[in-house]
Amino acid sequence: MKLTIMSILIVCLRVVTISAVGVAFAISVIGDWLASQISFIPGSPEYISGGIAVLVMIAVIGLRWNSSPVSRNLTLAAVGTFFHVPGALQGSGANWLNVVPSLNATSTQEPVFVLTFIVVIVTCVLGLIIDSAREEASDLMKRGLVEESVRAIVKQAVLFKVGTLLLGLLIMFVISFIPIGPPGSLPPAVLAFVGVLVIIIPVVVYFDTWPSRNISEKES
Amino acid sequence: MITSERSVADSLPGRINQGAVVLAASTVLLVAAGVGFGSFAFISGAVILASIYAVANLVKGPSGISVERVIQKNSVWVGDEVEVLLRLTVNRGIGPVFVRCPIPEVMELVDGSNLFGVWKGRAPKIVDLKFKFRTTVRGVFTCKPVLWEAHHPFRFRTPVHEVVGTPEDIVVRAGINEISRVTNVRGLAINPNPMMDMSVIGNQTTEFREIRNFAIGDSVKSINWKATARKSSARELTAQDILVNDYEREGKKAIWLFLDTTSAMSVGSSLVNPLEHAIEAAGALSFYYLKRGYQVGAHFSNRNSRLIHMDSGQAQLRKISRELSELSSEEGSYDFRRSVQMCRRQILRYVPECFVITRLDTEEPLQTNQIPPGFDSLITGVKALAAYGSRGHKSVRVNIVAISGYAYTSQNDEVNSVARIIRGLETDLITRAVRRYGVNVISWDPTGSRFSDLLLAHALSGRGKR
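In order, the protein sequence lines correspond to chains C and Y. Read in numbering that gives the first Met the number 0, the first sequence has 38 at position 39, and its numbers run on one by one without any break. Read in numbering that gives the first Met the number 0, the second sequence has 86 at position 87, and its numbers run on one by one without any break.
Hints in this document: simulated from the structure, not taken from any laboratory. Note that CB positions come from ideal geometry on N, CA and C, so glycine has one too. Treat the hints with care, as some may be off.
As the list claims (entries may be wrong) - With a cut-off of at most 30 Å between alpha-carbon atoms, the simulated BS3-like pairs for lysine-lysine come out as follows:
1) K154(C) <-> K129(Y)
2) K141(C) <-> K318(Y)
3) K382(Y) <-> K131(Y)
What the hints assert, rightly or not - Derived Cβ-Cβ restraints for the label pairs, each shown as a range:
4) D110(Y) <-> S66(C): 36 to 46 Å
5) I199(C) <-> K72(Y): 51 to 61 Å
6) R321(Y) <-> G162(C): 53 to 63 Å
7) A31(Y) <-> S66(C): 20 to 30 Å
8) V126(Y) <-> S66(C): 12 to 22 Å
9) A151(C) <-> S74(Y): 29 to 39 Å
10) E67(Y) <-> V145(C): 34 to 44 Å
Can you build the whole structure from these sequences, using the hints too?
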């Protein structure tokens, strides 16, 4: 019963992810341009470009069906991000489409891309949490842990991870509302924040994996 | 434990793993893309991932872990249940902690599990965990130390694991089936088993046995004058009329056990095999005779140079039980002749009733009434025992408890059933041939009857045959 609900939830998340990616690509200028190049398919360009994105996403899901949770959801997020690049190119901070004025015929509101991208990120992270929980539960059951303990542990872990995701969303909303900077540009506070992250995260990752890398080198 | 065996590089505990690196890399890439494209969409995605990464790094996995193990009993009988208590203490961190208390493979879990998983929240946690296992076979077993493994709540770090405590031994003694008394009728030297035998030598005790006719050598003090007067009333007293009180004598018969522990006794599973049943039989015999004051000694074939010398009482029972617990099978065939040679002095001194627990179905009969060459050593040993006994006024009685090795094959298989019947008939031929040497053979199918029941049946059927 539990597994069925989880499976349905996963399917729903996948549908939402695919829809968001399809919408983002369909309303982008490059998506529109690509659809106009395909003359042999009748129909509105938005549906054609959106359909292409949906088909690619379904193919990715199919190809990654039996992979581990991390790589399965990561691939989905990566491909979803790729389909958001056209929207990012016509973003407000630095309009790269000015380099190619012919593609700059329409301008779509950036909040739509922000929303679809957040949907992709959130659904992929949720998918990762659910997939990991299912895999962990199955692993613990196989190893002979009592079902009650498995349920309690997995439930607590899922709640903890979902709580963290909500916290991330909250932080994102708080930062997005900081009214600093000229209109149509990225807020300096956001840029400062991400600048710090860009410096700190690689440093943390490097030093955290240092001992294990040293051991690996000695072993080899 | 919860995770499979890891390589040296992977096993470094508490380090970030692939998931964390992927998350960090994704964040950095999104930040770079957001800044590069000037897109708030990518930046917002990066902020979400960065927040998750920050929380995952700030939250520490469980630490300050200790586990205490208490095994309620470390000396038990086969079939007993042993309760194990574990007290898990986790002082710091958040995440799941797994505890595994290894038990010997042959033990059977009967209540609970020896693998536990506990979620540690913000507050320090102390949990009492317990489980029970049943001992299935005798022996000395070692419970390995307890293992615990602490996982990061996001599994972004490799699990931290540790082994705590020291190995603990559990001594499982062979089970003893108590043999009940058959009858109160007493007699002289009833065989095959001396359960009701009276000692005919030794000093008199104060325990009254009976009134009997006077015999040369009887003390005058033992004459029962009242009974004599009643018997000879109204006539002249003669020597035949004199009655004396008879009392129990000190001293009981001695029993000697020979146990075959060769590989032929190891057929079947590790839990159910002839050796385990042989040990059960030896335990039952020791218990029964020692309880009644008999002297019991033994020799096990896997310890050629070691004898359990004749003795009586509870201490001897404990000694035999301990030796039986530590028995294991050995390669090679049973050299009964050598065993008898080893025990020669004890047999000459005590002239005991001997029980040889072995198998007689390991060889095929060549001809009717002919002993297969594989049993030459057995027959030579039996002859030697008879020779030792004939030196005194008593005789050494030899009983062979022949355990049916083919009884351990599948009971439901028709082919096995036929093979078992044929083998049984062949073994009967060997048994008959062995009986010609004055040996009492007790054929035992352990899957069909308990040894104590079989022994009593033989005692009853043997009464009055001599």
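These are the hints, each one checked on the structure:
no., hint, in the structure
1, K154(C) <-> K129(Y), "holds (23 Å)"
2, K141(C) <-> K318(Y), "violated (43 Å)"
3, K382(Y) <-> K131(Y), "violated (50 Å)"
4, D110(Y) <-> S66(C): 36 to 46 Å, "holds (40 Å)"
5, I199(C) <-> K72(Y): 51 to 61 Å, "holds (57 Å)"
6, R321(Y) <-> G162(C): 53 to 63 Å, "holds (58 Å)"
7, A31(Y) <-> S66(C): 20 to 30 Å, "holds (26 Å)"
8, V126(Y) <-> S66(C): 12 to 22 Å, "violated (36 Å)"
9, A151(C) <-> S74(Y): 29 to 39 Å, "holds (36 Å)"
10, E67(Y) <-> V145(C): 34 to 44 Å, "violated (21 Å)"
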